[in-house]
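Engineer: Here the protein sequences come in this chain order: D and S. Under the UniProt record's numbering, think of the first position of the first sequence as 1, with each following residue one higher. Under the UniProt record's numbering, think of the first position of the second sequence as 1, with each following residue one higher.
Warning: the hint list may mix true and false statements.
Unchecked claim - Label-pair distances were calculated between CB atoms; the ranges are: (1) D:His322 / S:Arg83: 45 to 53 Å; (2) S:Asn35 / D:Pro439: 54 to 62 Å; (3) D:Arg189 / S:Glu8: 48 to 56 Å.
Unchecked claim - Calculated cross-link-like contacts (lysine-lysine; reagent style BS3-like; alpha-carbon spacing at most 27 Å): (4) D:Lys420 / S:Lys130; (5) S:Lys52 / D:Lys258; (6) D:Lys168 / D:Lys193; (7) D:Lys178 / D:Lys188; (8) D:Lys184 / D:Lys441; (9) D:Lys406 / D:Lys420; (10) D:Lys258 / D:Lys336; (11) D:Lys409 / D:Lys344; (12) S:Lys130 / D:Lys406; (13) D:Lys344 / D:Lys258; (14) D:Lys409 / S:Lys52; (15) D:Lys188 / D:Lys420.
Keep in mind that the hints were calculated from the coordinates and are not lab data. Glycine included, every Cβ here is placed at the ideal spot set by N, Cα and C.
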Amino acid sequence: MSFFQTIVRSFSTDEGTNEGKNDKIEEKVFIHNAVENGNGTNKDIPGYCGTPTKSDFIKNTANERAKSAELYLNELNLNNAESNDNTVVGESRSLEDGEDSDLEEEGEESASTRELEEEFYVVDKYGFIIEDIDGATGTSGGSRTTRALISEKERKRRADLESSRSIKWVAMITDWQKYSKRQKKLLKRRIRKGVPDSVRGKVWNLVGGVDVSIASNPGRYDRIISLSESYVPNQDIRDTIERDINRTFPRHRMFKDKGEGQDKLRRVLRAYSLYDEEVGYCQGLGFITAMFLTYMPEEQAFWQVVSMMTGPTCNMRAMYEHGMPGAQKALYIGEKLIKKFFPKLTQHFARENCHISMYATQWFMCIFTNSFPFDLVTGVWDCFIAEGWKIVYRIILTFLRYSAPKLFKLGFEGIMFYFKRLPERIDGHTLIQQAFSFPLKQRHVDHYERKFHKLNPDIKERLDEEERRYKEAGGFGMGKGGCAPDTAEYKSPTFEGGMETEKDNLSDIDTVSAARRTSLAAPPYARIRPPAPNFIPPEYLTTQQQTSDSPSPFTA
Amino acid sequence: MSTRVEEEYDYLFKVVLIGDSGVGKSNLLSRFTRNEFNLESKSTIGVEFATKSIQAEGKTIKAQIWDTAGQERYRAITSAYYRGAVGALLVYDISKHGTFENVERWLKELRDHAEANIVVMLVGNKSDLKNIRGVETDEAMSFAEQHNLAFIETSALDSTGVDTAFQRILTEIYRLMSRRNMAAEEGVGGVGKGQSIELGEGKKGGKKCC
């Protein structure tokens, strides 16, 4: 147990909107009791609770409250350099560049012998650097939260709300079976409201069936890792991973420099590339993996990736495999949905030769992780892991719903630049809630999915074939690289997911996809009630652009 | 952003940036369009877009540049962007010979998906990394001659050659086009002022109808 001295600065850099406040930075010293390494609590992940108990929760809440100030001025305390749990506040940078050759061996000893440099920067609650100590700010190379878009009061309100929700969530986690089987509606509603950051990693694990995967594959991750040191079936893949390591969230404190964060990312990506040699690695996967690593330990992150890739709910594998059939399908469905809901805007886009792949490819490939503020990203992922693709389309349609009046006035280039800057304008929290009220139904998505398959029988055949193969083999990656699992009867990681299927409730979905879904175990919340009307009061936003009676998640 | 939408120009050229992942395509683009270099840059996923206007032979030429993801499988999506491009900067990293070896594959990609008369310039980026050079200038130059490509070495980091590269390829495209136009003018009208070549998008007010 150790105490860290953290200087929490409450400050406001509202990009010039709050006159004079920019340079007025209040500082107060805040002694923060770091999360103790309790039983089952992962020391590396602040707030990650392996098997949460009430006392874990209290500690996490303490952490949460400190987080709620949203800003940390990290002060590296040399006394803590030897301690392992310096992750809560500090980030240390080694002066001697640890050469990548023996990164795996770089353990505790080297950490203690490192010559350390004091480094100051301000990070948001997700760990993204908002401001270096020399005042350099910027969005380039990293996501950022939308601090500038919401008021201090609102920020505090959200933090308090999140804290109080944490209590409910801890109760749900400790009795997960009950909630996932008998209280599905409640669970779904709470997931849609947003999983509190303090339990997010654990909840994602539970929903993705990660614990089951680990239990039925004991030691498998470690075996793949040790295999990866000598077995390189595809040098190209290995090189591509390596090139992306320091280009993944370069403005996140965990990944900005060589060190533990980058090492973990490298290991998980290499492990997946061996687990599933057919896909190997595809650019985009790195961002998602890195996001997982900010919420959970390495082994869990690996199985979370496996779950997300191969499970029927997210099925990201189709996005990343050669030929990118999933990406083509998502772009097609996205395009058709836009046409359905915004026919005039579609005409305008057509006149301007503006195609969906020009702006939405990276949204689909990374499910928003690579450029959007993390309040949006994490909220989308809560829902994406639990419910599947519909939320992704909902978000895009909601972007357009609020952007349409602007987009109509713009020509091709204006549209492109508008989309490029979109991430900076979003209050993710509000946008997600708006997205749930968008009148998109699963049957719409299914309809266009069928059309796509009709137009592209080869892709359909291929995906079906893979699905068959997957079911027969009980998972991909059964070859040398995947290191066959221990258990005699392999249990597919995701289909054994922590939440039960809802077969009886598949009301608005057609038989074909219903058959497909149930055959693979339906997504946890297969069908959804009509979303509650906006329950976000308009005063949520300081900067508003009223397009209807509901608040806009965008700045003017 | 870097460019105002209403900017006046005489010609609009679409250019693509291609080459292996990590060779510096995005930084070449940001150096050229915004004079910025980002050490903390992120991998490009899909396609990115930027524009800049230059002067060549008394004309304002606007370049519409598409930066593409480098990983091979992304070609499933990015190859659509070669269509209509009048120029391509094929980038490799002078410190990594493998990225130069792949140039041939990228050329094939262009042959398969781009217009036949696309102007291609081979760009050896990261010329600041002289001490770990893996591709000799002579080797690249003779390859370029052999394949009838323009060639230049650049460093997006210290700016060397970046403006020259874009200036040269855009001027070259302009000359080729003028020659073609002149030939065409003897027949039909040719490409007029403010209209793009092979692009359905022109200056404000001069757009093609759907």
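Engineer: Indicate, hint by hint, whether the structure satisfies it.
Structural biologist: Hints, one by one, checked against the model:
1. D:His322 / S:Arg83: 45 to 53 Å: violated (21 Å)
2. S:Asn35 / D:Pro439: 54 to 62 Å: Taking Cβ atoms as reference, asparagine 35 of chain S and proline 439 of chain D lie about 46 Å apart, which means the hint is violated.
3. D:Arg189 / S:Glu8: 48 to 56 Å: holds (54 Å)
4. D:Lys420 / S:Lys130: violated (34 Å)
5. S:Lys52 / D:Lys258: violated (35 Å)
6. D:Lys168 / D:Lys193: Cα-Cα ~12 Å, so holds.
7. D:Lys178 / D:Lys188: Cα-Cα ~13 Å, so holds.
8. D:Lys184 / D:Lys441: With a Cα-Cα distance of about 19 Å, the restraint between lysine 184 of chain D and lysine 441 of chain D holds, given a limit of 27 Å.
9. D:Lys406 / D:Lys420: holds (14 Å)
10. D:Lys258 / D:Lys336: violated (43 Å)
11. D:Lys409 / D:Lys344: holds (13 Å)
12. S:Lys130 / D:Lys406: Cα-Cα ~48 Å, so violated.
13. D:Lys344 / D:Lys258: violated (49 Å)
14. D:Lys409 / S:Lys52: holds (21 Å)
15. D:Lys188 / D:Lys420: Violated, because 32 Å separates the two Cα atoms, which is more than 27 Å.
Hint violations for this structure: numbers 1, 2, 4, 5, 10, 12, 13 and 15, all remaining hints satisfied.
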